[in-house]
Each structure stands twice: as C-alpha cells, then as structure tokens.
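A.B. asks: Heads up: the protein sequence lines correspond to chains F and H, in order.
With the working numbering as the guide, the letters of the first sequence map in order to residues 468 to 686.
With the working numbering as the guide, the letters of the second sequence map in order to residues -11 to 233.
Bear in mind the hints are in silico, worked out from the structure with no lab data behind them.
Note that CB positions come from ideal geometry on N, CA and C, so glycine has one too.
It is possible that some hints are incorrect.
[Unchecked claim] Derived CB-CB ranges, DEER-like:
| hint | chain 1 | residue 1 | chain 2 | residue 2 | range |
| --- | --- | --- | --- | --- | --- |
| 1 | H | Leu71 | F | Ala667 | 51 to 61 Å |
| 2 | H | Pro25 | F | Val520 | 25 to 35 Å |
| 3 | F | Arg544 | H | Ser9 | 22 to 32 Å |
[Claimed, not checked] Going by beta-carbon spacing under 10 Å, a handful of chain F positions derived as facing chain H:
| hint | residue |
| --- | --- |
| 4 | Val568 |
| 5 | Leu569 |
| 6 | Ser592 |
| 7 | Leu594 |
| 8 | Leu597 |
| 9 | Ser610 |
| 10 | Trp641 |
| 11 | Val683 |
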Amino acid sequence: MVKTIIAHIKKDFRIEFRNRYAVSVSFSFAFTTTLAISLAAGGIPFSPQTHAVILWVIMFFTAMSGLAHIFVREEDRGTSLFLRLNSPALAVFTAKLLYNVLLFFVLQCMILPVYLFFMQLDVQSPLFFLGYVFLGGIALSSSLTILAAIVARAGARGALFPVISLPVSLPVLWVVIQGTSRSLGRAGFSSPGDMVFLLAFSGTITAVSYLLFEFVWHD
Amino acid sequence: MCGTTEISAPDRASGSSPGTSRTVMKYIYRLVYIVMPAAIAMAFLYAPPAEGLGESSRLLYFHVPLAWVSVLAFSISGVLSVLFLFTGNGERRELVHAAHNSAAIGLLFTVLATFSGSVWSKLSWGAYWNWDPRQTSIIVLMLVYIAYFSLESALRENPSRQRIVSAYLVFAMVTVPFFVFVVPRIFPSLHPDPVINADRQVHLESAMKISLMTAIAAFTLLYGYILNLANRVSAINEQKKGDLR
C-alpha cells in the first residue's frame, strides 16, 4: 500500500513538473492579484485585519485554481478508469491528499514572499503568522481534496468547485483570518483555541473523506 | 414513509406493516393543525414581552423554531444520506429522495430564519446585518444547501449522481457543527445565549419557556408534515417514471 501511494505521488509530481499547469496557473493568479491590490492601494497602509482578509482571499482562490486539477486531470485524460481498476481507493485518495497538501504548501511558500514584499507587510509575530498560514493551508487542502474528487465527476467543473467549496471552507477561513490578523498586529498569540480548531477540523474532515471517497470514486 | 409498497426488514421483524407506521406518523404530523394555532396564540397572547425588548421579543417564538428546523432538516438529510450509502448497497433510492426533500425544506426554513433574524437584529442592534458569528453561521448553512442543489444539477447526466450528492450531504453535515456550535463560541457574539447553552438551561421565565417549546414542537411537526407530503409526491413521480419505462 505504502509503495503504491508513493508511486502515485511521484507520478503526479512528475506530470506536474512536466507541464507545470497547477503551479503556474495558481501562482500567476496570486501574483497578478497581489500586484493589482498593491497598485490600487498606492502605498496606503492597511490594518492587520485587512491584510489577513486579502491574504486569505488570495490563498483561497489560489487553492480553487490549483487543487481541483489533481482529479480533473485524471478524468480529462481518461486515466481515472485505469486507476479505479488498478489501485485501491484508499491508496488513490491518500496519494491525492498528500499531493494537494504538498502542492499548496509549495504555493504558499511562493505567494507569501511576494505578498510580504509588495504589500510592505511588517509581521509582529512571525512564528505564529507562519503557524496560522501553514495550518490553514493544511485545513484548506484536506477539505478541498474530497470536493475536488466530487467536482471531477460533474459538468461545469470550473464554476462548481468554488460554489461547493466556499461553504465548507468558511469555518477555516473565518478562524484563520482572525488568527493571522492577531499575529500581524500587536496582539500576537492569545489562545491555542483557534489552532486546536484548525487541527480538529483537518482531522475530522480527513477521516470523513476517507469514509466517503469510495462512494465518490467508484461508479 | 416514502410511499413504497415493499415491506422493509425492520417492519417484517416487528410484525407491523409499513402501512401501519405510515398511518401513525401521518396522524402525528396532523397534530400540526392543533399545535401550530396554539403556538401562534401563545406567542401573542400568553407569553409576556421580554424586559428591554418589548413586543419585538415575540419574534423569538418564530425565529428560534425556524433556525432549529433548519439544522434539524439538514441533519436528517445527512443521516438519510448515511443510511443510503452504508446500507442496502445503494438500492434504497427513496432515501435519496427523502434527503433531497429534507434539504429543500431546510433551505426554505433557513431563508425564513435568516429573514426573521435580520428583522430582530434591526430591532435590537439597529442594523439588519452585521456579520455576527450566529448570523454568519445561518448564511453559511444556506450556502451549503445552495451548493448541494448546484451540485445536483451539475450531476444530472451522471449515473452515480445519487451516491455523489449523498456523499456531499454527509460531508457538509460533518462541517455544520463547526460553524453552528464551535465558531460562535470562539468569537464574541451580540446574539443572546443559545437555548441549549453551556449551563444546559433555558434562560427564560416559565410562560416564555412554555411558549417557545410549543412553537418548537409546532414547527417540528410542520417540518415532518411537509416532508411526508414531499416524500409521497416523490414516490408517485418515481412510480410514474417506472410505468413509462
């Protein structure tokens, strides 16, 4: 099982690095949006709350443009049937989940310096800021993976993914925006409650996704 | 429940026919004809106005039951989806129809709860909308329902539609407690204490408490009544489709 999962992750990264579709589209989106906001703001300083909102809106739509690709690609190329026949659903889902978590981590590592540079952001508690960003990233990518599998089976995928993802992701965005805002301002880290919430949310969603994936994946 | 003629396993085991249980439920739901007028009369005539809020506090007897039924309808559609996915090898299609009907009724009640809540918000806080954690929770619940219907439309041609939409309903049901029960407790809220709170007590005087409980019972019966009707319509439509085939 572990070998199959590793083989799937390797295959997905190899395909991604061959055409760099998800990374280039998602990063281009994040880069363009950051530049547009910075240009429009014209050097006007934003409050930590506004920065947190803008940063997470960019992160959310970056996830929207990149994370569904992992399943949509399999359906578009007709390789999903091969996967269904040759690999257990558990291995496929684990590989896709890990791939999405890693891909979103890479995207966040590219977006953050761009945002910090162009928005001239001064982070008061860098450690907590990174903690919120990466925990939020894990919570988002873990909840969006099963939704990506659902969307890949439907028509009008591009429009549908944000529609079905936003309500499910809102609890994460809600908590992570407040946490990021505190870490950017002088309040710093006040309570572990929101970090525990993000971990609990990711854990619960991943467990339920494992239970449901077989119903979504097989015909 | 859904108008099917086959006798289910639990009915065979208990020796009762599905017709009997359906009839019993039908009569229970018909109690709404008595309980709903009683709840309305109690809300306007029996319950005293709340201190500080005055007559506008009577909105409580409609807003709270509407919000309760929204969450109940959503939970029932999730539970029915779990039953469809994990029992009967996906053959019990009436469960999918019942889950769909429950979600549709839930959406209606969510819209009404949002509307009544915003009126109350205007009367109490001076603004129809201010993104209070509880207001946000109800609007997210509405978005979940809207997303479900969008997904169902997008999957219309897909033979696995019933399994996929059921999986989405289960997935959405799991996220609901996070923003209905957890998030409003993490962030400060202007909203009055929820009826089911940390003390596990209803903070109301007895006449108001009785009126509220009657209203909740009336709206729950109304939900059951509409769901029963909708399920019967779905069963007739299914039968018609079968006859055409």
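A.B. asks: All hints are to be evaluated individually against the structure, with a verdict given for each.
C.D. replies: Checked hints:
1. Between leucine 71 of chain H and alanine 667 of chain F, the C-beta spacing of about 26 Å breaks the proposed range 51 to 61 Å.
2. Separated by about 47 Å at the C-beta atoms, proline 25 of chain H and valine 520 of chain F break the suggested range of 25 to 35 Å.
3. For the pair arginine 544 of chain F and serine 9 of chain H, the beta carbons lie near 50 Å from each other, so the given range of 22 to 32 Å is not met.
4. Of the supplied interface hints, the one on valine 568 of chain F is violated, with its beta-carbon coming no nearer than about 18 Å to a beta-carbon of chain H, more than 10 Å.
5. The criterion of a C-beta within 10 Å of any C-beta in chain H is not met by leucine 569 of chain F, whose closest approach is roughly 22 Å, and the hint is violated.
6. About 19 Å separates the beta-carbon of serine 592 of chain F from the nearest beta-carbon of chain H, more than 10 Å, and the hint is not met.
7. Among the interface hints, the one on leucine 594 of chain F is violated; its C-beta lies about 21 Å from the nearest C-beta in chain H, farther than the 10 Å criterion.
8. Proximity of leucine 597 of chain F to chain H is violated relative to the hint, the smallest CB-CB distance being about 21 Å (cut-off 10 Å).
9. Taking 10 Å as the C-beta contact cut-off toward chain H, the hint placing serine 610 of chain F at the interface holds, the least distance being around 8 Å.
10. For the restraint placing tryptophan 641 of chain F at the interface with chain H, the shortest Cβ-Cβ distance is roughly 6 Å, inside the 10 Å limit, so the hint holds.
11. Against a cut-off of 10 Å between C-beta atoms, the interface hint on valine 683 of chain F holds, since the closest Cβ of chain H lies about 5 Å away.
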